[in-house]
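Asker: From just these sequences and the hints, can you work out the full model?
Mapping to the numbering used here: the sequence shown position 826 is 826, numbers consecutive.
For the record, the hints were derived by calculation from the structure and aren't laboratory data.
Check the hints yourself; a few may be wrong.
Ranges of calculated distance between the beta carbons of each label pair, as one might list FRET restraints [to be verified]: (1) Ala616 to Ala475: 40 to 46 Å; (2) Asn306 to Gly546: 41 to 47 Å; (3) Ala136 to Asp248: 37 to 43 Å.
Predicted, not measured: the structure shown is a model, and the values here were computed from it.
Positions of the beta carbon are idealized from the N, C-alpha and C atoms, including for glycine.
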Amino acid sequence: MRRLFRYAGCSLAAVGGLGLFATPAQAISRAVNISTRMVVETGNNVLIGGFIIYGTGQKTVALRALGPSLPVQGTLSDPVLELHDGTGALIASNDNWRTSQQSAIVAAGLAPGDDRDSALITTLNTGSYTVIVSGANNATGVAIVEVYDLDSGTPTSRLANISTRGHVLTNDNVMIGGFIVLGDVPKRVIIRVGGPSLNLSGTPLSGRLMDPMLELHDGNGALMAANDNWRTTQPAEIAASTLVPTDDREPAIVATLPPGNYTAITRGAGNTTGIALIEVYDLDQPPQADGSTLYSTSLRSQGGVNSPGSGSAGLRLSGDGASAIFSFEFSNLTGPVTGMRIYAADGTVLFDVSAAIPQPDGTYLWVFTPVGPYSVADIVALLRAGQIYFSMQTAAFPAGEISGFFNLSRGGEIPPAPTPPPPLPSGTPTVADAGRFLSQATFGPTTALIATVQSQGFDAFLNDQFTAPPSSHLAFMDASGVNPPTITQTNDAWWTYAISAPDQLRQRVAFALSEILVVSNTTGNLGNQPGALPAYYDVLVNGAFGNFRQLLENITLNPAMGRYLDMLKNDKANTAGTRLPNENYAREIMQLFSIGLYHLNLDGSLTLSSVGLPIATYDQQAILGTAAVFTGWTYAQTTNPPVFNPPADWRNPMVNVVSHHSTDPKTILNGVLIPGGQTAAQDFATTLDTIFNHPNVGPFICRQLIQRLVTSNPSPGYLYRVTAVFNDNGQGVRGDLKAVVRAILLDYEARGSAKTTQGAGHQREPVIRLTNLLRAFNATSMDGKFSVRNAFTNLGEEAMHSPTVFNFFTPDYERPGAIADAGLKSPEFEITTETTAVTVANYLNTAIYSTLGPSTNRITLNLSAEQALAANPSQLVDHLNSLLLANNMSTEMRNILVNAITQIPADNPTERAKTAVYLVINSPEFSIDK
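Answerer: Have a look at this one:
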């Protein structure tokens with residue numbers, strides 16, 4: 001039980017409020033307790049509040065009506081409190097709080113400051129209730145009504161949705177309400193005010209407020225949003241909520257609010273007065289019309305099991321308590337599922353899911369029947385008490401690999417913190433350890449680098465790479481002497497640095513970032529815009545070890561990104577409404593470049609609402625507001641003041657033209673309101689700060705970096721640990737990418753024994769397979785540049801050639817069949833087709849048996865070391881195993897290779913060497929980098 005506000009004055013955040021309940025400590029996001037302050041008059045103008053209890057069971061609440069104890073002028077000297085049920089029948093009432101329930105009120109810590117204040121405690125069934133506060137002997141004055149949830153533990157009923165009706169006056173006597181969102185993730189609400197539509201039994205209410213206005217303020221009193229007539233802003237969002245005001249003159253605001261205090265103020269337009277009704281609805285936790293209740297759980301390693309697997313499950317208990325609908329999802333188990341069962345805490349099997357037939361939508365219907373010592377009523381009681389769990393069994397863990405106990409879903413349950421991994425082995429890295437590390441931290445291991453890592457160790461190697469000067473793609477293009485440069489010079493720069501640059505780690509991380517923060521030559525002819533793509537890629541190279549906030553700013557102001565996603569020359573709306581800001585970049589910076597579509601926990605699992613649904617991170621209002629922020633930006637120029645249509649400058653950050661930037665108020669992510677009249681730089685900084693500080697950024701970005709460097713299926717613990725470093729590098733800095741890269745590459749899951757489990761590693765995408773080949777065998781070219789030609793045609797991908805902003809493949813792609821059945825992500829398989837399987841192999845064959853590149857600059861492998869070993873097929877295969885597979889080659893594959901090479905005449909070492917390399921580089925065991 002929590003107190004809503006302290007009366008420390010009359011600031012917006014301290015004068016009372018109305019709010020929503022959901023008190024269990026486990027909930028990540030909830031609103032607590034209800035209070036409203038206003039002037040209480042007589043007749044129809046007393047204070048009338050309402051709330052709903054939903055779910056199952058009963059709820060104990062405390063209600064208070066305070067007047068004389070309020071530290072404001074003109075208080076109601078003797079408030080009277082009444083509680084009515086949904087039929088209007090009086091349930092309980094109180095005049096002076098000490099006259100009844102004094103001991104219980106004191107014990108609850110809710111004793112009012114004046115004996116004339118009113119209070120009562122009662123236990124209520126589910127349903128709707130009305131609270132009325134009036135003055136004894138028809139007295140009038142300022143009063144506040146409060147409702148507190150006194151339940152502890154895990155209640156099965158909740159309070160939701162509140163309303164207050166009263167007389168709205170002017171100045172300090174407008175209607176003022178507030179609520180608190182607690183926890184770690186935002187909550188989506190709608191606030192609306194009724195005035196002209198108010199009626200009694202169909203008859204318009206006399207004295208109603210004919211033109212109410214609504215304001216939403218944050219805990220500091222800053223205005224977040226305002227509305228007069230609901231159709232003027234957010235009409236689509238309001239309509240989608242199904243809570244549309246009855247009259248167009250009535251205001252409403254939909255907002256996704258981060259944890260904090262909020263105040264809603266209702267006043268009349270033009271200082272008019274009248275009766276109004278203010279309502280707040282929790283859009284994340286709607287009461288279920290069928291009376292059902294959702295119980296959910298996060299699935300994690302069972303008991304002492306060390307599993308990379310994870311998942312979630314839900315049980316929707318029917319309103320009559322006779323059955324439940326069961327659903328689940330999972331990923332990254334060690335092997336095929338052998339059993340799925342729901343158990344009582346003592347191990348009794350209550351429902352064998354694996355023996356049941358799924359419904360058409362994939363869920364399972366569990367009709368309760370007595371089992372062992374448990375009756376149907378016992379099973380329901382166990383579920384409500386959190387004493388039922390779901391377990392998934394596999395061949396490796398027949399007693400259960402992952403499991404979780406069901407608890408009432410309140411939305412946003414926090415998954416358990418992962419168990420720390422075992423310590424990494426000490427000592428000098430082995431050849432295999434060094435090779436595996438380099439396959440993740442570079443574009444491919446070489447014999448020389450393997451020796452370096454063995455000599456230095458992982459940490460020292462990383463330190464050297466972090467301090468290595470960045471290799472500039474733009475400088476490479478300029479040095480080519482080609483004028484004007486084309487996409488060919490852009491491609492040459494990328495291949496040359498991927499194969500031979502000394503700052504390998506920086507280049508590899510930049511490539512990973514390029515597949516997340518996508519820009520491509522497929523739009524706006526960017527490949528042939530002088531310097532456009534190399535300048536953009538340099539932003540990624542230079543920012544690979546910097547701060548993500550700065551990187552987000554740099555890519556946003558880069559003209560190539562501006563052209564690619566339509567922020568360049570994005571103009572403000574005109575007064576006629578025929579021109580609106582382009583929403584493209586506003587949408588993608590949130591959806592793809594920072595936070596994703598749905599709220600995530602630190603371990604990357606979805607945060608669910610109380611009805612088991614994902615919670616959207618942003619809405620259309622946030623897109624519109626952000627689009628308006630990104631108006632007025634154009635090419636850099638020497639003109640002062642800048643003009644909107646200058647000559648193109650692809651090298652320098654965009655600048656803003658004041659006359660083309662929207663200075664209207666803007667609502668952005670998390671419901672943050674940017675005041676009108678600010679500069680473009682102020683709008684820009686507020687928007688990027690808001691995005692960067694969203695809790696999703698860490699798990700959303702870190703997961704994709706792990707996928708690009710180490711494994712497609714990081715365990716929840718792996719992602720949790722890396723996200724923690726993103727959120728705080730140990731020195732209080734958020735977004736330190738150097739610390740994140742170190743955490744990714746030195747985590748137990750990257751360096752430990754997890755590489756042998758199902759789901760470990762990832763498919764080497766085609767360009768990485770080619771760079772591995774060219775680096776491993778010390779490829780050379782005639783002039784030192786690597787002019788790889790026709791790569792996109794043959795490999796199905798090439799840097800900065802993505803067909804869309806979604807990259808060549810998506811992070812959540814699951815190859816249909818055994819991979820999807822195991823719940824595994826396999827992003828790179830999205831571009832693995834019957835065609836590319838052949839074209840990639842043929843292209844690699846050309847590199848091995850012939851040369852790559854134009855006739856004027858051929859790229860040739862150096863296989864002299866392999867030819868020297870060719871007389872002994874076993875030694876040759878073992879050498880390739882060490883160089884290309886980090887000594888992970890299976891015995892079966894080794895035997896096949898040795899036999900195949902032995903069939904080639906010993907007097908042809910070149911053929912033996914090339915055949916061996918070709919077979920390894922095209923093998924499934926090389927393709928999957930573990």
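Asker: Is 41 to 47 Å right for how far apart the beta carbons of Asn306 and Gly546 are?
Answerer: violated, 35 Å
Asker: Go ahead and decide if the range 37 to 43 Å is satisfied by the Cβ distance of Ala136 to Asp248.
Answerer: Check passed, 40 Å falls within 37 to 43 Å.
Asker: Hint says 40 to 46 Å; check whether the CB-CB distance for Ala616 and Ala475 agrees.
Answerer: The hint (40 to 46 Å, Cβ to Cβ) holds, given that Ala616 and Ala475 are roughly 43 Å apart.
When the structure is compared with the earlier hints, a violation turns up for hint 2 alone.
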